[in-house]
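Participant: Produce the entire structure from the sequences given, and follow the hints as far as they go.
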Amino acid sequence: MTGVRIKNRRRGAPVTIRVNGRPVKAYTGETLFAALLAAGIRVLRHSIKGQTKTARGGFCGMGVCQECRVTVDGVPDRRACMTAVAGGMEVVTDGR
Amino acid sequence: MADKRADVVIVGAGLAGLAAADALGGRGVGVLVLDDNRRPGGQYLRGGRSAGRSWLDRVAQRGLKLVERIPGSGVEIASRAEVLGIEPGFRLLVADEDGEIGTVHCERLLLATGVRERFVPFKGWTLPGVISTGAVQILIKQSGVLPAATTVVGGAGPFLYAIARDIQKSGGRVPAVLDEMRFSRRIPVPALLAGHFPKFTRGAAMFARVRLAGAAVRGGVRILEARGGDGPLEVVAARVDHAGIAIPGSETAYSAGCLATGFGFSANVELAQLAGCSLAFNSGLGGWVVKVNDDLETSIEGIHAAGEITAVGGAAKSLAEGRLAGLSILRRMGLPKSGRREQEVFALKKTRRRQMAFARYFNSQFGFTPAYMIAWVRGLPDDVPVCRCEEVSLGDIRRAVAEGFDTPAAVKKATRCGMGICQGSTCKTVLTDLLAALTGKPPAYIPLSSVRIPVKPVYLGTLAGGRP
Amino acid sequence: MGSKTADVLIIGAGVIGTSIAYHLTRHGIKPLLVEKSDPAAGSSGACDGLVFLQSKKPGLHLRLALESRSRFDGLNDALGGGIEFKNPGGMCLIESEAELAAMRVFVEEQRRSGLAVELIDGDEARRREPCLSQKVTAATFSTLDSQVNPYALTFAFLRTAKSAGARILTGEEVKGIETAGGRATGVLTDKGRISAPVLVNAAGALAAEVGRMAGLEVPITPRRGQILVTAAVPPLLRHCLISAQYVAAKFRPELAEKGGMGFSLEQADSGNILIGSTREFAGFDRRTTFEGIRTIAGRIVPVIPALARVPVIRTFGGLRPYTPDGLPVLGKVEGLEGFIMAAGHEGDGIALSAITGELIADLVATGRTQFPLDAFRLERFREADK
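Residue numbers (our numbering), protein chains in the order written: chain A, -3 to 92; chain B, 70 to 537; chain C, 22 to 407.
Note that these hints are calculated values from the structure, not bench results. Given the structure is predicted, the values throughout are model-derived calculations rather than measurements. Ideal Cβ positions, reconstructed from N, Cα and C, are used throughout, including at glycine. Worth double-checking, as some hints may not be accurate.
[As the list claims (entries may be wrong)] The calculated DSSO-like cross-link candidates involving lysine-lysine, where the alpha carbons are at most 27 Å apart (straight line), are:
{"hint": "1", "chain 1": "C", "residue 1": "Lys156", "chain 2": "C", "residue 2": "Lys353"}
{"hint": "2", "chain 1": "C", "residue 1": "Lys212", "chain 2": "C", "residue 2": "Lys57"}
{"hint": "3", "chain 1": "C", "residue 1": "Lys156", "chain 2": "C", "residue 2": "Lys25"}
{"hint": "4", "chain 1": "C", "residue 1": "Lys196", "chain 2": "C", "residue 2": "Lys212"}
{"hint": "5", "chain 1": "C", "residue 1": "Lys212", "chain 2": "C", "residue 2": "Lys25"}
{"hint": "6", "chain 1": "B", "residue 1": "Lys510", "chain 2": "C", "residue 2": "Lys25"}
{"hint": "7", "chain 1": "C", "residue 1": "Lys57", "chain 2": "C", "residue 2": "Lys183"}
{"hint": "8", "chain 1": "B", "residue 1": "Lys134", "chain 2": "B", "residue 2": "Lys238"}
{"hint": "9", "chain 1": "B", "residue 1": "Lys360", "chain 2": "A", "residue 2": "Lys45"}
{"hint": "10", "chain 1": "B", "residue 1": "Lys406", "chain 2": "B", "residue 2": "Lys510"}
{"hint": "11", "chain 1": "A", "residue 1": "Lys3", "chain 2": "B", "residue 2": "Lys418"}
{"hint": "12", "chain 1": "C", "residue 1": "Lys107", "chain 2": "B", "residue 2": "Lys510"}
{"hint": "13", "chain 1": "B", "residue 1": "Lys268", "chain 2": "B", "residue 2": "Lys510"}
{"hint": "14", "chain 1": "B", "residue 1": "Lys192", "chain 2": "A", "residue 2": "Lys49"}
{"hint": "15", "chain 1": "C", "residue 1": "Lys183", "chain 2": "C", "residue 2": "Lys156"}
{"hint": "16", "chain 1": "C", "residue 1": "Lys107", "chain 2": "A", "residue 2": "Lys45"}
{"hint": "17", "chain 1": "B", "residue 1": "Lys192", "chain 2": "A", "residue 2": "Lys21"}
{"hint": "18", "chain 1": "C", "residue 1": "Lys196", "chain 2": "C", "residue 2": "Lys183"}
{"hint": "19", "chain 1": "C", "residue 1": "Lys57", "chain 2": "C", "residue 2": "Lys156"}
{"hint": "20", "chain 1": "C", "residue 1": "Lys353", "chain 2": "C", "residue 2": "Lys25"}
{"hint": "21", "chain 1": "B", "residue 1": "Lys510", "chain 2": "C", "residue 2": "Lys57"}
{"hint": "22", "chain 1": "B", "residue 1": "Lys406", "chain 2": "B", "residue 2": "Lys418"}
{"hint": "23", "chain 1": "C", "residue 1": "Lys353", "chain 2": "C", "residue 2": "Lys78"}
{"hint": "24", "chain 1": "B", "residue 1": "Lys510", "chain 2": "C", "residue 2": "Lys196"}
{"hint": "25", "chain 1": "C", "residue 1": "Lys57", "chain 2": "A", "residue 2": "Lys49"}
{"hint": "26", "chain 1": "B", "residue 1": "Lys510", "chain 2": "C", "residue 2": "Lys212"}
[As the list claims (entries may be wrong)] Covered by chain C, per the in silico footprint, the following chain B stretches (three or more residues, Cβ under 8 Å):
{"hint": "27", "region": "320 to 334"}
{"hint": "28", "region": "435 to 447"}
{"hint": "29", "region": "523 to 529"}
[Claimed, not checked] A partial selection of chain A residues facing chain B, derived with a Cβ cut-off under 8 Å:
{"hint": "30", "residue": "Lys3"}
{"hint": "31", "residue": "Val15"}
{"hint": "32", "residue": "Gly17"}
{"hint": "33", "residue": "Thr27"}
{"hint": "34", "residue": "Ala34"}
{"hint": "35", "residue": "Ala35"}
{"hint": "36", "residue": "Gly54"}
{"hint": "37", "residue": "Cys56"}
{"hint": "38", "residue": "Gly59"}
Facilitator: Structure follows, in structure tokens:
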């Protein structure tokens, strides 16, 4: 299930970021969380308890719940909802 | 960020913080506003003018003007600055977006840290396709993105309708709005209606438009479960009776790309608590809030509080309180008395009292009686996740309570609930509701867990003085 | 307000009090614990879980710790599991020539007290613990060093004691000690009277206050240790780690003055890494400070650089019950029949909990202990003053 970019919205300049090695289109001014949703990427990591792994994605959207953690430019545990996209950004899901 | 000094530091550049900064600006007072978002405006003004705001929304228009006016008045706004802690003096430990740490010194402090959302858990609420109503609003306003083409909105309270409307106006489809609260609870007493007529008119209009745009709007309905893997979500909801018990056989299933859920708001009182400010639990004011006097002074000399953290009560209250706090700080700093200012303070206090009455109504729209909560919690299965970070289930909590662990601090050690990376930001209010329901104690008697620095995660490398 | 009775009343349900309760039930005695807050709400819930032999003072202290350590091997099974006891071995990290010289001497003393310690060079240290940087020039290694979950241990002692008939009152604070004719007769709490002919002061950092209620001067003062807790991360540390500085700060003041503060680390079963610690006299203030946490972070990142990108999610301050000579106060007290001391373990409460529980329970039940308690008696401080 993919997120949808709202029509007729003023957007910033288009940029390309890389997610798990693959190029993804985004626009300056979007959060990484938004750009990932729009690209159909909503599983950002897995929660591990014992042997069970459950898929997780962003939840609160405002930097509080810490669910949307991904690795950005080599630094793990960055909150996608608090990170602005930038051209050339390297994102890895399940980063830690 | 480099170490800084200011006469007054304001934490939070939402409506309250901005209004206070505006009141303080241009008066020879050095003001620094610290805000963790990329742009000032808090939640209410997310996305600024490009997010599209009705010219009828006077609060938003005033807020937007504040944002535009402030930089000219000698007030510095530091965005992407996360306050990690406060020490007496005052000293604030702040991390910037590059992962560097600095200390800010100030004489006076205004805490205007706003709210976050609260939740009642249900099966499947941790699935990637389930996000909070606030997150949907931020996605739409800040990034111009809908989480999915179709979104079911469910939970409790009037915010559901605002989000449903935001989604519809953005071209998304809302099959249903599922509200635990019954519609009969929505009707305000005549005096309140008269005093806040524009708010209620707008609310009623929004409600009507949500339905007209094709959403099935249902009150007295509870989300039982969200199911789904990679594909669409299935949201199962059932009707609930007046006692808070789900009615067997009344289940309906909805299919959507996303479920947006929310059950109200909780004040971000952590920094205030850390600084030693007295808090009070008052369900009419939105739960745990910072105690302030008429002049918005907290119990700690030199610290004021304004906005949602004094009582969850909406944007107009935040604007009024922000300005009132700013003027109160000026008076405390010895600015010469002025008749005009005294008059304005008098008027603001009157406005504030009116806003507090609305706040009580507003919070009643998200509140349920203790008996109702007991029935609600009793109906939840053991495998409902409570602490998302540590995968602690309701069954784990029930077992801990049965063994004699009945305070949040004790349950935390017994189950790890609240020990994860979010440190209880999401599950704190859930746990309070659960413990109140499971022990029969009023929520006010469920003690708060301690808050320690850092109030948000910070890389060790940052703390060590470098970068991560 | 009712009146209750107990054969043995234990003040404080931390790791010491609950261990004593457990060991008493093994003698067939059913004690009553009176706890002002919740089990492990004090220092036992604000510490790391190191069961570290290398940090104990050679001589009596280390011998007591070795006894305690030997009890840990069977403890998990005896307590029904869940205490997260692990024995990965421990390293004491050396970062300078001065430290190395001091540690050479220390190692000899440790060996004489019965602890097998290996001295290895920096490269060998890094081979065994790859995350260590070049700052580590040497290390000492002990296979006995272990770790446990301190509050899980406390709860396990309590749970097992309760299943054997021990009782606990929580949220009830002892306000007074009742005595008559040189004998302890009971306590007065904020909820009523409890008669008991035997009272055990296991109140940790608050043991001095409880002692005062009995007319005793107990020189136990709180010494705060701040600890950082990281987010859970995949396994990074293979061993429990302390710095030679840590040992020095406890026993060799001259080493403590040079270099920085000592540190200690463990990675818990949950994956969180606990990094300690300061040693400060700050009254009963359990808050952490900017200075404390930044100092700890600044100390550890150069030694384990991979930690730079690990988030700290929580910090806490635990109050170590400090005594002037570094030994706990254990045993009967002169002039007050029935009043037993079991507190003052400084930063070694977790490690010494097993043996303390056993010794105090033996003392109460049989009047005799396997290990002589003379050196731990309260009166030693009065005698030292003379």
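Participant: Taking each numbered hint in turn, which are not upheld by the structure, reported in ascending numerical order?
Facilitator: Hints 1, 3, 9, 10, 11, 12, 13, 15, 17, 19, 25, 27, 28, 31, 32 and 35 not satisfied by this model.
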